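Colleague: So the sequences go chain by chain: X and U.
With the first letter of the first sequence counted as 1, position 314 gets the number 639 in this note's numbering; the numbers rise by one all the way through.
With the first letter of the second sequence counted as 1, position 243 gets the number 363 in this note's numbering; the numbers rise by one all the way through.
There's no promise every hint is true.
To be verified - The following residues of chain U were derived to be distant from chain X, with all beta-carbon distances above 10 Å: (1) Thr157; (2) Asn207; (3) Asp231; (4) Ala474.
Stated by the list, open to error - Below, in silico cross-link-like pairs of lysine to any residue (SDA-like), each with a Cα-Cα straight-line distance of 25 Å or less: (5) Lys708(X) <-> Arg681(X); (6) Lys192(U) <-> Thr537(X); (7) Lys265(U) <-> Arg656(X); (8) Lys329(U) <-> Val457(X); (9) Lys261(U) <-> Ser546(X); (10) Lys526(X) <-> Asn277(U); (11) Lys261(U) <-> Ser548(X); (12) Lys261(U) <-> Leu459(X); (13) Lys526(X) <-> Ser222(U); (14) Lys265(U) <-> Pro448(X); (15) Lys192(U) <-> Glu534(X); (16) Lys192(U) <-> Phe536(X); (17) Lys265(U) <-> Glu521(X); (18) Lys526(X) <-> Thr210(U); (19) Lys265(U) <-> Asp658(X); (20) Lys199(U) <-> Val542(X); (21) Lys526(X) <-> Asn226(U); (22) Lys265(U) <-> Lys708(X); (23) Lys265(U) <-> Ser482(X); (24) Lys526(X) <-> Phe545(X); (25) Lys194(U) <-> Ala206(U); (26) Lys261(U) <-> Glu534(X); (27) Lys265(U) <-> Val457(X); (28) Lys526(X) <-> Pro185(U); (29) Lys265(U) <-> Pro442(X); (30) Lys583(X) <-> Asn398(U); (31) Lys261(U) <-> Thr657(X); (32) Lys261(U) <-> Glu521(X); (33) Lys265(U) <-> Leu459(X); (34) Lys265(U) <-> Leu510(X); (35) Lys199(U) <-> Gly543(X); (36) Lys261(U) <-> Phe545(X); (37) Lys265(U) <-> Glu449(X); (38) Lys199(U) <-> Gly541(X); (39) Lys265(U) <-> Gln655(X); (40) Lys261(U) <-> Ala524(X).
It should be emphasised that the hints constitute simulated quantities derived from the structure, not laboratory data.
It should be emphasised that the depicted structure is a prediction, and the values quoted were computed from it without experimental measurement.
For glycine and all other residues, C-beta sits at the position ideal for the given N, C-alpha and C.
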Amino acid sequence: MNSRILWLLLWLLGAGLLCTAGAVSAVETQELTGTNPNPVRLVRPQTAPLSAMAQLGRQIFYDASLSSSGKLSCASCHSPDHAYGPPNDEPVMLGGPAMSRQGGRAVPSLTYLERQPNFSIGPEQSDDDNIVGLAQMAALGQQTARATKTATQTTVSAVNIVPQGGLFWDGRADTLQDQAMFPLLDPREMDGGSVEQVADKLRHAPYAESFTGLFGVGIFSSSDMLVSEAMFAVARYQIEDPSFHPYTSKYDYWLEGKAQLSESELRGLQLFNDPDKANCGGCHLSRPTRDRMPPLFTDHQYEALGAPRNAALADNRDPKHFDLGACGPQRTDITDQTQYCGMFQTPTLRNTATRRVFFHNGIFRSLQEVMDFYNFRDTNPEKVYPRAADGTVQKYDDIPAKYEANVDVTDPPFDRHPGETPAMTAQDEADIIAFLKTLTDGYQPKP
Amino acid sequence: MSVMSAALLCSNPVSADQDNQGNNQGGDHSHGVHTATPIKHLVVIFNENRSFDHYFATYPVAGNPSGEIPFKAKPHTPKVNNLANANLLTNNPNFTNTANGSGAANPFRLDRTQANTKSQNHAYTPEQEAYDNGKADLFPKFTGKGTAGGVGAFGTNGQVMGYFDGNTVTAFWNYAQNFAMNDNNYTDTYGPSTPGALEVVSGQTNGAKNIVGTSSSVPDTQGGLTLNGDTDPAYDQCSSATNQVLMTSKNIGDLLNAAQISWGGFMGGFDLTLSNSNGTSGCARSTVSTNVGGTITDYVPHHAWFQYYASTANPTHARPSSVDAIGHTFAKNGKTDPANHEYDLEDFYAAVKAGNFPAVSYIKMPAFQDGHPGNSDPLDEQVGNVELINFLQTQREWNDTAIIITYDDSDGWYDHAYATPTSASYDSTADQVNGAGLCGAGADEQPQPLGLNGKPVNGRCGPGTRVPFLVISPFAKQNFVSHDRISQASVVRFIEDNWLNGKRLGGGSFDATAGSIMDLFDFDHGHNGLGFGNQTNQLFLDPNAGTVVSAPDDHHH
Chain X
326 MNSRILWLLL WLLGAGLLCT AGAVSAVETQ ELTGTNPNPV RLVRPQTAPL
376 SAMAQLGRQI FYDASLSSSG KLSCASCHSP DHAYGPPNDE PVMLGGPAMS
426 RQGGRAVPSL TYLERQPNFS IGPEQSDDDN IVGLAQMAAL GQQTARATKT
476 ATQTTVSAVN IVPQGGLFWD GRADTLQDQA MFPLLDPREM DGGSVEQVAD
526 KLRHAPYAES FTGLFGVGIF SSSDMLVSEA MFAVARYQIE DPSFHPYTSK
576 YDYWLEGKAQ LSESELRGLQ LFNDPDKANC GGCHLSRPTR DRMPPLFTDH
626 QYEALGAPRN AALADNRDPK HFDLGACGPQ RTDITDQTQY CGMFQTPTLR
676 NTATRRVFFH NGIFRSLQEV MDFYNFRDTN PEKVYPRAAD GTVQKYDDIP
726 AKYEANVDVT DPPFDRHPGE TPAMTAQDEA DIIAFLKTLT DGYQPKP
Chain U
121 MSVMSAALLC SNPVSADQDN QGNNQGGDHS HGVHTATPIK HLVVIFNENR
171 SFDHYFATYP VAGNPSGEIP FKAKPHTPKV NNLANANLLT NNPNFTNTAN
221 GSGAANPFRL DRTQANTKSQ NHAYTPEQEA YDNGKADLFP KFTGKGTAGG
271 VGAFGTNGQV MGYFDGNTVT AFWNYAQNFA MNDNNYTDTY GPSTPGALEV
321 VSGQTNGAKN IVGTSSSVPD TQGGLTLNGD TDPAYDQCSS ATNQVLMTSK
371 NIGDLLNAAQ ISWGGFMGGF DLTLSNSNGT SGCARSTVST NVGGTITDYV
421 PHHAWFQYYA STANPTHARP SSVDAIGHTF AKNGKTDPAN HEYDLEDFYA
471 AVKAGNFPAV SYIKMPAFQD GHPGNSDPLD EQVGNVELIN FLQTQREWND
521 TAIIITYDDS DGWYDHAYAT PTSASYDSTA DQVNGAGLCG AGADEQPQPL
571 GLNGKPVNGR CGPGTRVPFL VISPFAKQNF VSHDRISQAS VVRFIEDNWL
621 NGKRLGGGSF DATAGSIMDL FDFDHGHNGL GFGNQTNQLF LDPNAGTVVS
671 APDDHHH
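The task is simple: from the sequences and hints, build the whole structure.
Modeller: Written out as structure tokens, the structure reads:
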């Protein structure tokens, strides 16, 4: 940021005014309103009454009988009252036949996936007639320079040849239909047994008649097809039902000029998008797309951030166990691309303030802890990581030493060094958290 | 048909009122041109990647689940050669053949909510392997492996066996009910988009010349190459920087130019000077599709028929000098028009509105509406097609216009109707339909077709896969299904028969052997003789629902 703009911003912020984030490209003075000086018209997903397919999907989504315990449905962990994320403050959810097994990772939200790109390395290819395989793209990625990610240069980093997209923390499913199969069959989650067992339950479900109406009487003769159709119905429910992508946050209305941000929220937004401060917007994109769709607050790319190990996870009792995200163990097709070990997909920040666990291993319990991690990981690692018996700080204690080079030390604020001034003050962090709270859906703009 | 035969016999010299240099008055010159049939305007809408059974497997009977707009067939709808009538909906060989593994499946209905699907494998060799020497029982194994599609896409084991019905491809079923369709139409060779695009304008895929990098091609055994995959056209400003190919054969544009008949290739995204509402422009101009949940680049170079030929290419996408010049080699002032017959789809609308409707127009929708799974879907495809067809039906020229809707390839979707190769090829790796290295009965018994240089060449294994073919015209027979064997090159043949006294391209083009589409027309009766504006001439549809409406809603154009 050049000094003239910085001066202008400081002047404006000092006056309790606005910021240049989001779609706001020009800075202009105005009254002390906190409104967006350059409102935009956002294009939200079209809404229509649920199709028969989506109505069937809704019934399956809430059907706990598909789990071995009889107590878990999709909605148990993807709670509609918690932005389709986990309803409690446990790092991972419990499942299995006796509801006693820990799930592998913190439960991601099911919201805002309707525009999720497929998993790819480098920008998604639009032409499927000439497919370049993941391994080939990974090789290309190793020869190609990766642009540093800053909130003001996101179009440059968007073409980085790095993993991006897909569903789950590791992108191992591309469609919501495929995604739904994993928790359904995972012995630590719904533990539905085999496709055959699930199909048998569907054949006798109270909504079984809907299958014959939609797919014909032959549908019950193929278990594979029956379960595929059922999972597609679940996916279709998520695509059609507006509650999965409402775009009704205070920030959305602010973008449209229909809501005012407080001074703290405006400051937070500015810091969020300031490459010299939090630089959150480098990955958590905050501006509407060129198609005027509301921002998703993720660029869908993968990052190894080196979050601390979570001793509360049963898996971690084995000191040799490491959850390495894109390169395994849950994802198995690119385990040999070790340059991606430790990388997880950047999640949306929409509704993040409603969560009580953060990051893939649920290590953080509050947004304050998350902000401290970004702020102190490199300048004061002792505030983030535990100390060993000899007193040394165990930085990157959840990544094997051979993969530590994968950790991001270039994108601000992760480009700092011990002893340097942290990127944010305590007030900065508080303001950013205030801003993050404007990303929670259900805001009622004043008429 | 008697009128037709007589008309073809009297091969009059072309009339004087033609597209001579500098005589273009900007009016509808096409009316003065001699044609063998009453058709003065042909519009070929060339869509992407659907097999016949994939769209018409149960025609004219739709599933009609509750909550969806029902489709009801007219009485006396003729039978078509589809899965329902061939009794292949259950106990299908793709289900019973254990070689398909976990992909083994019977055909199944795809719902309107499943319009967005994965794309299947539609390469030259896997499509041959799926046909398994005529048994047509290895689709899940060989073509049932595609890309994922969007996050809301439907995909399953054996998905290649899926088909849509009149609850999704409603417009096409309605067109078939009111106009004419052929259920025996094939791609001229196996393989993906580019070979199909070349066949429908030239009937020839031999004569490929690598310009940048390599091309997706087969050595033709005569020292040349036959294109059997997708490679971008040479020199096109939007083409891949690593692989570009040029075709050295003639195409129908050359013959139309020689006869001074107006024509054009009109493609969504071709005009690099336009900006879309999202601010994109140039080669990257793009459109959002909510159905596929993504932003799709409008122009696809490897679909651009005429860009592959030095004589008909417009590599810089130069703009026509005026709306009046569209379709013409020369502008009003006598100078050669820079566009060289290659335009944007918007130019087609503009030219027709200005009364300058070319004789022959090839149309490619912007990619989100081209029908190709992954970047498009049947619902977006329907919007683009219906809007254009509604528009054309309101034009003064509708009374002597014919629209053909057909496809570049099947995408690999299951179609039960195997065609014994009439165009043989014996490449040891690429050809597999009748056994290893075999497409045909063997070189001794069934030699390969002649290539561009008059010698037998490899790489033209065909007919390939069966794809839809509809004719919408006042002269189309009503609710009629033709079973005559035709192919993409039949379009070339029709243009030659109608405008060029049956002249052929030569150089081994399939136009010489392709079947005739005349069975789809009735020039004595058809819908015609009822006058412009008569309701039986026209069928206006709702672009989104595909259902019949009384008047078009021209909201886009």
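Colleague: Taking only the CA atoms, is the gap from Lys265(U) to Leu459(X) under or equal to 25 Å?
Modeller: Judged against 25 Å, a Cα distance of about 16 Å means the pair holds.
Colleague: Tell me if the straight-line CA distance from Lys526(X) to Asn226(U) falls inside 25 Å.
Modeller: holds (22 Å)
Colleague: Mind checking the alpha carbons of Lys261(U) and Glu521(X) for me, to see if they're no more than 25 Å apart?
Modeller: Distance ~22 Å between Lys261(U) and Glu521(X) Cα, so the pair holds.
Colleague: Hey, Lys526(X) versus Thr210(U), does the alpha-carbon distance stay inside 25 Å?
Modeller: holds (24 Å)
Colleague: So if I understand the rule, the pair passes when the alpha-carbon distance is 25 Å or less; does Lys708(X) with Arg681(X) pass?
Modeller: holds (20 Å)
Colleague: Please work out if Lys261(U) and Ser546(X) have their alpha carbons no farther apart than 25 Å.
Modeller: Holds, at roughly 21 Å.
Colleague: Is the Cα-Cα distance between Lys192(U) and Phe536(X) 25 Å or less?
Modeller: Holds: Lys192(U) and Phe536(X) sit about 22 Å apart, inside 25 Å.
Colleague: Holds or violated: are the alpha carbons of Lys265(U) and Ser482(X) at most 25 Å from each other?
Modeller: Violated - the C-alpha atoms of Ser482(X) and Lys265(U) are around 31 Å apart, more than 25 Å.
Colleague: Regarding the assertion that Thr157(U) does not contact chain X, is the least Cβ-Cβ distance greater than 10 Å?
Modeller: About 36 Å separates Thr157(U) from the closest Cβ of chain X, which puts it past 10 Å; holds.
Colleague: What's the verdict on Lys192(U) and Glu534(X), does the C-alpha distance respect the 25 Å limit or exceed it?
Modeller: Between Lys192(U) and Glu534(X) the Cα gap is close to 23 Å, so the pair holds against 25 Å.
Colleague: Lys265(U) and Leu510(X) were given as a pair; does the straight-line alpha-carbon distance stay at or below 25 Å?
Modeller: The given pair, whose Cα atoms are some 23 Å apart, holds under the 25 Å limit.
Colleague: For the pair we were handed, Lys265(U) and Gln655(X), check the Cα-Cα distance against 25 Å.
Modeller: holds (23 Å)
Checked against the numbered hints above, the structure breaks hints 3, 22, 23, 26 and satisfies the rest.
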